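Top to bottom, those sequences are chains A and B.
Residues in the first sequence are numbered consecutively from 1, following the numbering used here.
Residues in the second sequence are numbered consecutively from 386, following the numbering used here.
Think of the hints as simulated: they come from the structure by calculation, not from any bench.
Bear in mind the structure is a predicted one, so any value in this text is a computation, not a measurement.
The beta carbon of each residue, even a glycine, is placed where N, CA and C say it ideally should be.
Some clues are possibly wrong.
[Said to hold, decoys possible] Heads up, simulated DSSO-like pairs for lysine-lysine below, C-alpha to C-alpha not over 27 Å straight-line:
1) K614/B x K681/B
2) K76/A x K166/A
3) K396/B x K11/A
4) K31/A x K76/A
5) K76/A x K298/A
6) K687/B x K229/A
7) K551/B x K396/B
8) K31/A x K166/A
9) K11/A x K551/B
10) K11/A x K31/A
11) K166/A x K461/B
12) K416/B x K551/B
13) K166/A x K396/B
14) K416/B x K302/A
15) K396/B x K416/B
16) K614/B x K551/B
[To be verified] Facing chain A, according to a computed beta carbon distance under 8 Å, are these residues of chain B, among others:
17) F389
18) Y391
19) H392
20) K396
21) F399
22) G400
23) S403
24) N429
25) N593
26) P595
27) R599
28) V609
29) E617
30) D620
Protein chains: 2
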Amino acid sequence: MDNFTYHNPVKIVFGRGSIGELPGLLPAAAKVLVTYGGGSIQRNGVYDQVAEALGGREWVEFGGIEANPRYATCMKATEMAAAEGAEFLLAVGGGSVLDATKFVAVALRYPEGRDPWEIMLTRDAVASAAPLGCVMTLPATGSEMNGNAVITRDDVPEKLFFSSAKVYPQFSILDPSVTFSLPPRQTANGVIDTFVHVTEQYLTRPNNAPLQDRQAEAILATLVEEGPKALERPDDYDVRANLMWSATNALNRQLSCGTVGDWSSHRIGHELTALYGVDHGQSLAVVHPAVLKYLKDKKRDKLAQYARRIWRLDEADDDALADAAIERTESFFRSLGVATRLGDYGIGPEAAALVARRLAGRTMKVCEQVDLAAEDVEAILALAR
Amino acid sequence: MDNFTYHNPVKIVFGRGSIGELPGLLPAAAKVLVTYGGGSIQRNGVYDQVAEALGGREWVEFGGIEANPRYATCMKATEMAAAEGAEFLLAVGGGSVLDATKFVAVALRYPEGRDPWEIMLTRDAVASAAPLGCVMTLPATGSEMNGNAVITRDDVPEKLFFSSAKVYPQFSILDPSVTFSLPPRQTANGVIDTFVHVTEQYLTRPNNAPLQDRQAEAILATLVEEGPKALERPDDYDVRANLMWSATNALNRQLSCGTVGDWSSHRIGHELTALYGVDHGQSLAVVHPAVLKYLKDKKRDKLAQYARRIWRLDEADDDALADAAIERTESFFRSLGVATRLGDYGIGPEAAALVARRLAGRTMKVCEQVDLAAEDVEAILALAR
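Construct the complete structure from the given sequences, taking the supplied hints into account.
What follows is the structure, given as structure tokens:
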């Protein structure tokens with residue numbers, strides 16, 4: 001096991017009716033900027049619950065944050081927050097709204113005359129951020145209990161991330177019942193995003209960390225069990241609660257304690273979203289099986305363990321186990337109604353070289369054991385045709 | 386799943402050489418009171434590492450905190466901390482040292498003229514506590530990542546606990562290599578204490594929380610695998626690291642998210658320690674199998690799941706599975722060299738009625754489904770003869 005530091009001070013308030021606890025969670029007198037997305041919170045009653053909980057307090061709102069939130073939108077929200085003198089940011093929505101709000105929190109405190117987009121490129125530590133909290137309405141990104149955010153810039157186009165302890169939400173409210181109304185596509189995407197958050201931390205080199213392995217397997221087994229149920233019975237509270245808590249646990253840094261992550265599927269997937277607009281979950285459903293196939297030799301030990309423990313396979317040798325487990329993974333994604341090949345999304349074979357070229361220009365390692373070169377990325381995407 | 390709030394701001398610094406990170410963790414100018422136990426930290430080099438890390442800083446020390454730390458000792462340490470003007474408490478040792486230090490932290494800020502022992506009896510919320518941190522040297526209690534403390538008063542005699550977010554350590558340093566020198570008895574006790582922390586939260590009524598179930602099973606399976614190895618190869622770093630991280634995860638409130646705990650084995654075990662001086666781990670090895678036997682009908686569903694998933698049993702029906710799993714649990718404790726019957730510790734059958742009478746005077750519920758009456762406690766201990 002590697003050395004590590006773990007520190008996650010986010011307060012989670014989980015359960016039916018938990019939006020009603022907002023008044024006790026917000027700083028007493030702070031003016032609040034409420035951020036949200038395309039209006040689903042107005043249709044499902046969450047907006048009204050939040051407005052009621054804020055009753056009597058001074059607050060303003062910024063709506064219209066899109067999926068794969070854009071830099072330009074974040075900068076508009078930052079301007080509004082500054083103009084209104086908002087002292088606390090409350091994100092109400094899914095990971096996109098929360099990620100955008102984290103970026104706004106940084107931008108609000110960024111040195112005058114400089115562009116906060118810099119943090120996506122330089123990886124410099126964030127010096128300061130405005131305080132924020134969230135009401136999470138879509139279990140998927142884990143953003144509610146971490147300091148990560150992914151922002152898209154469509155003038156470039158780029159989809160990049162930053163990570164900082166300064167943007168941990170002070171609190172995250174998770175009421176599973178607000179997810180009853182999610183469309184099947186978003187439910188399925190969320191299950192896949194959560195699943196791949198776990199496997200990017202688990203299907204790596206062996207690390208002598210059996211507890212962390214099993215904590216990862218705990219989430220995977222739960223997703224395999226509960227994911228299909230959520231599509232069949234969208235208003236089953238316990239099923240929704242189990243998916244929601246799984247998503248939070250998948251990316252709150254617990255699984256990475258003393259272990260090493262991969263993240264190549266996310267990195268490559270982000271490029272597909274930036275270039276072709278596929279949903280984040282869809283991009284992972286396409287890329288992840290291909291990454292596992294391509295890196296099978298390096299990941300064989302863990303793939304075999306995954307085959308035995310999650311898919312209950314008993315093929316004779318590790319290689320056959322690995323193959324079968326990758327096949328089961330792809331089938332699982334398809335069983336949720338999410339297509340797993342580039343062609344299913346109308347993306348032609350030319351995407352492989354294009355994405356490879358873009359990633360070759362990045363400085364970050366995209367696999368836990370090796371730097372993937374452009375030809376590796378191209379070969380991976382060729383496996384996803 | 387039940388509603389819950391989870392908030393655990395303890396910073397964990399884990400790994401080889403992590404004591405060297407102390408200077409960056411302590412508040413800049415605060416005078417430190419270092420608390421420790423019977424001197425093992427002087428023999429294994431931890432004292433010297435801490436002293437070196439504190440170099441140049443103003444600090445004082447209070448040694449001699451005993452296993453099952455006593456109220457009288459805590460009050461002496463409180464006097465010293467007050468007299469010396471200590472502003473930060475640094476516990477260096479196992480759960481006993483840390484629990485005592487948590488009590489000192491409360492006592493230091495307790496209203497003048499009142500006795501801090503009150504918090505053990507009234508269950509009132511702790512209003513304030515001095516800041517503290519720890520260097521944990523014995524994986525067992527989980528005290529390094531929670532707000533619990535158990536203190537013994539030998540004039541009464543009583544062994545009682547309190548729990549407060551005010552006494553979360555600001556940081557906990559865990560270096561598995563300092564546990565190489567633990568005697569086998571303490572290693573085994575630590576494995577059993579960790580195991581029962583998990584089962585008290587897991588072997589309850591079914592709660593529709595499959596992720597939390599599997600997170601519990603992750604720890605149990607790891608203990609079954611790694612516990613015996615630690616006795617065979619006491620200086621295997623990864624084995625010690627896995628046990629240490631398991632102990633922290635067993636009682637950092639994660640497993641109790643949305644679920645209900647039992648804790649009757651701990652409550653009854655504390656009485657045996659208070660009355661007869663058996664180690665805490667030993668008391669659990671005696672009481673827990675008896676509790677499971679006595680409450681088998683109420684816990685059958687979870688016992689059967691535990692039998693299948695942890696012990697890989699495939700008996701025909703749930704009742705046979707439950708019986709076999711309880712037997713395997715007791716055998717596991719014995720395989721670690723810890724005796725599991727009252728008679729093994731020279732405790733006669735009269736203990737049953739005595740403990741039952743003492744617990745009958747308590748106000749707290751000792752089982753997640755029913756209040757155990759005096760005759761239940763007596764019957765449980767009769768099963769532990």
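Problem - Numbered hints the structure breaks, given as an ascending list - result: Hints 1, 5, 11, 14, 16, 24, 28, 29, 30 not satisfied by this model.
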